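Listed in order, the protein sequences are those of chains A and B.
Numbering-wise (the working numbering), the first sequence opens with residue 13 and increments by one.
Numbering-wise (the working numbering), the second sequence opens with residue 929 and increments by one.
Wrong hints could be hidden among the right ones.
[Unchecked claim] No more than 30 Å apart at the CA atoms, straight line, and that leaves these computed lysine-lysine pairs for BS3-like: (1) A:K328 with A:K36; (2) B:K1015 with A:K169; (3) A:K168 with B:K1015; (4) B:K1024 with B:K1012; (5) A:K416 with A:K17; (6) A:K115 with B:K1012; (7) B:K1031 with B:K989; (8) A:K90 with B:K1024; (9) B:K1015 with A:K194.
[Stated by the list, open to error] What the simulated footprint calls covered on chain B by chain A, stretch by stretch (three residues with Cβ under 8 Å from a Cβ of chain A suffice, anywhere in the stretch; the number is not a length): (10) 962-975; (11) 978-988; (12) 1034-1045.
No lab work stands behind these hints: they were computed from the structure.
These figures come from a predicted structure and were not determined experimentally.
Every residue, glycine too, gets a C-beta built ideally from N, C-alpha and C.
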Amino acid sequence: MNLHKQLVVIGGGPAGMAAAISAKENGIDDILILERGEFLGGILNQCIHAGFGLHTFNEELTGPEYATRYTDRIEALKIEYSLNTMVLSIKKDKTIVAVSRDKGLMNIKTEAVILAMGCRERTRGAINIAGSRPAGIFTAGTAQYYINIMGKTIGKKIVILGSGDIGLIMARRLTLEGAEVKTVLELLPYSNGLGRNIAQCLEDFDIPLMLSHTIVGITGKERLEGITIASVDEKLTPIPGSEQFIECDTLLLSVGLIPENELTTDAEVEIDQRTSGAVINENLETSVEGIFACGNVLHVHDLVDYVSDEAARAGKKATQYLKNGITKNEYKNIIAQNGVRYCVPQKFEKLTPETPLFFRVTTPCDRRFVAVFADGEAVYKKREAYLTPSEMQIIKLNDEICEKLNKATQISIELI
Amino acid sequence: MTERKMTCIICPRGCRMTVKYENNTLIECKDNFCARGPTYAKNEIAAPTRVLTSTIPTDSKTVPLMPVKTSKAIPKEQLFTAMKLVKTIRAKAPLKCGDVIYKDFMVQGTDLICGRNLKV
Ligand SMILES: Cc1cc2nc3c(=O)[nH]c(=O)nc-3n(C[C@H](O)[C@H](O)[C@H](O)COP(=O)(O)OP(=O)(O)OC[C@H]3O[C@@H](n4cnc5c(N)ncnc54)[C@H](O)[C@@H]3O)c2cc1C
Ligand code: SF4
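Let the hints inform the model, and build the full structure from the sequences given.
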């Protein structure tokens, strides 16, 4: 099947939906959302816990509730979407090849594309644990899918490796479902999860969080029977003699998310090694003209509200591109350094207050100033009581700061 | 008087507060970013509550589970009893996100509500 669409959005999660809604509201009618899953909503469908939408709706919604607000809007605006449709490739000229359960192979010519494919979990392969390969080892997100979407039981005695939010949320869910969560192990000396999740998912149920610990061995032939853990030193290497055995039938890996960028690379879009997402400008446009990116495929977000905001901007910018074309001149890079791991956007031509700067710090720190420098002058400075890599930070710029940044040649964001 | 650290769970900022209390009464609360922090601390010391979220089976072939939540926070010590009650409830299509599936769930005036639409 060959077709032409003015705007195609890849991924029907919160990012894809917000982008499509915004494009439609800004006057683009010829839109198609391609989603490989059976429903719109992306990862939100399996996140049944509350904690979504505090910024956007001023109330604490569950993931499915938050998704429903957007799916209802998609239906009301009559935005076209195709489910069970997997995008196989995008080329630099913005042609898309997708395969759908009922429409078969689709070749789609487009004028603009918004990438909103989300992210996926790192797996055991990515972290290398020694030992056998028995059943009973899941990524935390897969376990969440089994329990919250399929209604399956995954095990009785659980250990969770990694203290990211998904692992923490699953610790509570499994406990309430009657399983025994023995411990959550974290390699680093601090947790990667939100403080509120440590409080309400672990402390509420007296589940111990063991920092600076990792797994050194896995026991079990067919089904997991236990794991051997060890504490690690500052270099994160296991300390000999500190090994202990923990009996368990299930191990969940919650060791981080990576943007799902195979398609992006396919389209020859430049990737930022630090975010594992595309390099974008202030209009959320990638290095390929007319291809935009937003949500977790761009950089991993902790809060869906920021995803929706960012995606709505992507939809609006794609609309402006379709209507006027965006004229590109010289870009200036925003250098992230001295404790700042990355900044999105990575580059810009002309900043306006509409574009926030998103960044993460490299390591947790207390009482530091976040500063933005324009040719050596600190044009933005804010004291933060506590900063941690697990919380994405946001800087909102005003007209005056934007003007200074637009005039400068050397721009950086750092901790001082 | 007892002094302890407490993480406010009201918003993602998760302020790490220092609270002082005596006989279930809050005396002092520090390091909270906004006024909701001390309110949370007060309740947490006197009678902690949590919103419960879970899933219940449906009669639909395409959507096996309906996500549900309590319309208000319920006493924390009742969470496990509440889970037992959740296990007895079934969802029958059609339902809309926000529909009450079980009235006066555990506490009078608190309902168990649907988290998504369910078509027949
Ligand atoms: C377990 C978990 C718990 C979370 N908890 C919270 C919380 O409490 N509060 C909060 O605010 N945020 C939370 N978040 C964060 C928030 O849910 C995410 O940031 C948000 O869902 C990201 O949206 P997205 O649209 O970018 O990605 P996704 O929701 O992942 O959507 C991407 C979509 O793209 C589709 N897709 C991917 N590749 C293709 C392809 N090739 N072809 C077609 N379709 C494709 C996928 O099927 C998916 O539907 C949580 C996230 C996770 C994973
Ligand atoms: S005190 Fe206010 S800002 Fe801090 S976590 Fe609680 S609600 Fe959020």
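Evaluated hints:
For the given pair, A:K328 sits about 9 Å from A:K36 by alpha-carbon distance, which is consistent with the 30 Å threshold. Of the pairs offered as hints, the one joining B:K1015 and A:K169 holds, with about 21 Å between alpha carbons and a cut-off of 30 Å not exceeded. A distance of roughly 18 Å separates the Cα atoms of A:K168 and B:K1015; the hinted pair therefore holds under the 30 Å criterion. Of the pairs offered as hints, the one joining B:K1024 and B:K1012 holds, with about 24 Å between alpha carbons and a cut-off of 30 Å not exceeded.
At roughly 40 Å between alpha-carbon atoms, A:K416 and A:K17 are farther apart than 30 Å, so this suggested pair is violated. Taking the CA atoms of A:K115 and B:K1012, the gap is about 44 Å. The hint is violated against a cut of 30 Å. As the CA atoms of B:K1031 and B:K989 are separated by approximately 26 Å, the hinted pair is consistent with the 30 Å bound. At most 30 Å may separate the alpha-carbon atoms for a hinted pair to count; A:K90 and B:K1024 meet this at roughly 19 Å.
A hinted pair counts as satisfied when its Cα atoms are at most 30 Å apart, and B:K1015 with A:K194 qualifies at roughly 24 Å. Evaluation of the coverage hint for the stretch 962-975 of chain B: breached, as 0 residues show C-beta separations to chain A shorter than 8 Å, against a requirement of three. Note: the stretch 978-988 of chain B has 7 residues with beta-carbon separation from chain A under 8 Å; the three-residue rule is met and the coverage holds. Remark: the stretch 1034-1045 of chain B is confirmed as covered by chain A, as 3 of its residues place a Cβ nearer than 8 Å to a Cβ of that chain, reaching the required three.
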